[in-house]
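Trainee: For reference, the chains in residue letters:
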Amino acid sequence: MAQISLPKNSEVNKGKYFKDKTGSKNIRKVNVYRWDPSTEENPRIDTYEVDMDNCPSKVLDILNKIKNEIDPTLAYRRSCAHGVCGSCAMNMGGKNGLACTKPHAEIDGDIDIYPLPHLRVKRDLIGDLDGLYKQYQSIEPWLKNNSSKDTTEIFQSKEDRAKLDGAYECIMCACCSTSCPSYWWNGDKYLGPAVLLQAYRWIVDSRDDERKARLKKVADELKLYRCHTILNCTSACPKGLNPAKAIAEIKKMLATANV
Amino acid sequence: MEDKKPLSPHIQIYRWHISSLVSISHRITGIINIIAITFICVWSGWLILGEANYTLINFFLNSIFGKFVVLGVVWSFSFQVLSEIRHLIMDMGYGFELQTTRITGLLVIFGSFLLTVAIYLIGRNFF
Chain A
1 MAQISLPKNS EVNKGKYFKD KTGSKNIRKV NVYRWDPSTE ENPRIDTYEV
51 DMDNCPSKVL DILNKIKNEI DPTLAYRRSC AHGVCGSCAM NMGGKNGLAC
101 TKPHAEIDGD IDIYPLPHLR VKRDLIGDLD GLYKQYQSIE PWLKNNSSKD
151 TTEIFQSKED RAKLDGAYEC IMCACCSTSC PSYWWNGDKY LGPAVLLQAY
201 RWIVDSRDDE RKARLKKVAD ELKLYRCHTI LNCTSACPKG LNPAKAIAEI
251 KKMLATANV
Chain B
1 MEDKKPLSPH IQIYRWHISS LVSISHRITG IINIIAITFI CVWSGWLILG
51 EANYTLINFF LNSIFGKFVV LGVVWSFSFQ VLSEIRHLIM DMGYGFELQT
101 TRITGLLVIF GSFLLTVAIY LIGRNFF
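Residue numbers (my numbering), protein chains in the order written: chain A, 1 to 259; chain B, 1 to 127.
Read the hints as simulated data drawn from the structure, not as lab findings.
Accuracy of the hints is not assured; some may be wrong.
[To be verified] Taking lysine-lysine and the DSS-like style, the derived pairs with C-alpha atoms no more than 27 Å apart in a straight line are:
| id | chain 1 | residue 1 | chain 2 | residue 2 |
| --- | --- | --- | --- | --- |
| 1 | A | Lys-251 | A | Lys-158 |
| 2 | A | Lys-134 | A | Lys-158 |
| 3 | B | Lys-67 | A | Lys-67 |
| 4 | A | Lys-8 | B | Lys-5 |
| 5 | B | Lys-4 | A | Lys-134 |
| 6 | A | Lys-189 | B | Lys-67 |
| 7 | B | Lys-5 | A | Lys-134 |
| 8 | A | Lys-14 | B | Lys-5 |
| 9 | B | Lys-4 | A | Lys-14 |
| 10 | A | Lys-122 | B | Lys-67 |
[Claimed, not checked] These stretches of chain A come out as covered by chain B in the derived footprint (C-beta under 8 Å, 3 or more residues):
| id | segment |
| --- | --- |
| 11 | 27-38 |
| 12 | 62-70 |
| 13 | 84-94 |
| 14 | 119-127 |
| 15 | 149-159 |
| 16 | 179-192 |
| 17 | 248-254 |
Ideal Cβ placement from N, Cα and C applies to all residues, glycine included.
Given these sequences and hints, build the entire structure.
Mentor: Structural data, given as structure tokens:
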């Protein structure tokens with residue numbers, strides 16, 4: 001049974017309030033989830049008043065500003081700042097996305113920033129994605145080709161290559177999987193949208209010889225069919241991909257093919 | 001060490017979308033319908049047992065609470081039927097584009113109320 005409420009040690013308390021010191025007239029309140037592993041305390045929400053006159057357009061810019069100018073103890077992952085690496089995936093304004101591509105102008109009112117939902121928090125905005133990576137490993141995301149000649153190219157027609165569009169662009173930021181209520185409640189067994197999109201990517205690859213075995217592997221009540229087309233995944237994907245459709249295609253293949 | 005790590009907030013903070021709202025409503029109405037069908041079976045079973053039962057049920061269904069229950073069940077059925085059609089289309093692999101899911105979701109929500117009114121009016125011999 002799904003546990004709706006948070007465990008006792010995860011309940012969020014009110015935290016510190018950082019008043020603006022620049023005297024700016026263009027202030028926005030930013031509420032950030034904080035948790036320090038070195039203390040025994042519960043997580044808290046710290047509120048920062050941020051001068052928006054001197055802040056670039058993305059949510060990541062706000063976080064950088066807070067870290068550089070207000071509170072250097074804030075921890076979050078970030079790397080490329082161009083929506084390519086997927087490090088700065090988090091929950092902003094109630095929706096998952098990449099902080100580096102999400103304009104703060106799109107969020108009304110105070111800006112709420114949380115780590116990706118339903119993950120074990122390592123610190124502040126950093127969630128533990130080990131489970132997801134293990135599941136990714138379990139679908140064996142590499143080309144399996146039985147051809148004896150290892151040295152020649154494996155040809156692929158333009159049509160077959162086009163089948164991978166919308167699947168290969170995934171950067172594994174986990175925005176989709178952690179937006180999915182099914183994955184929240186059954187994340188230990190259900191593979192989740194991110195991993196299933198990758199499973200689909202290898203199933204439809206014309207160069208791969210293990211299509212049937214791959215299909216058989218995901219054909220499981222819990223691994224695959226926990227998708228109830230809630231579609232939070234598709235609306236969360238910062239790359240505009242459609243994991244829900246990929247999962248539906250896998251279900252369709254299983255329904256129509258003799259596996 | 002593992003237990004010390006807090007769980008990040010999930011349903012408490014995640015914004016509702018039309019598609020997630022329709023999905024959870026589909027489940028809730030499904031449960032309501034199963035209970036309703038069971039009751040309808042029990043009630044029709046009672047009818048066989050004599051007139052006294054008929055008047056009792058009649059009395060209940062004509063009370064304000066009874067009417068509320070009946071209308072609620074009619075809405076729940078309407079919602080389930082429309083949402084199931086949406087699901088069937090999705091099972092065939094269509095309608096997964098974000099804009100489409102929003103439109104079909106809204107159609108299901110508004111359609112369920114329209115259908116409820118229509119069924120009510122048909123029951124009242126309005127047409």
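Trainee: Of the numbered hints stated previously, which ones are contradicted by the structure, given in increasing order?
Mentor: 2, 3, 6, 10, 12 and 15
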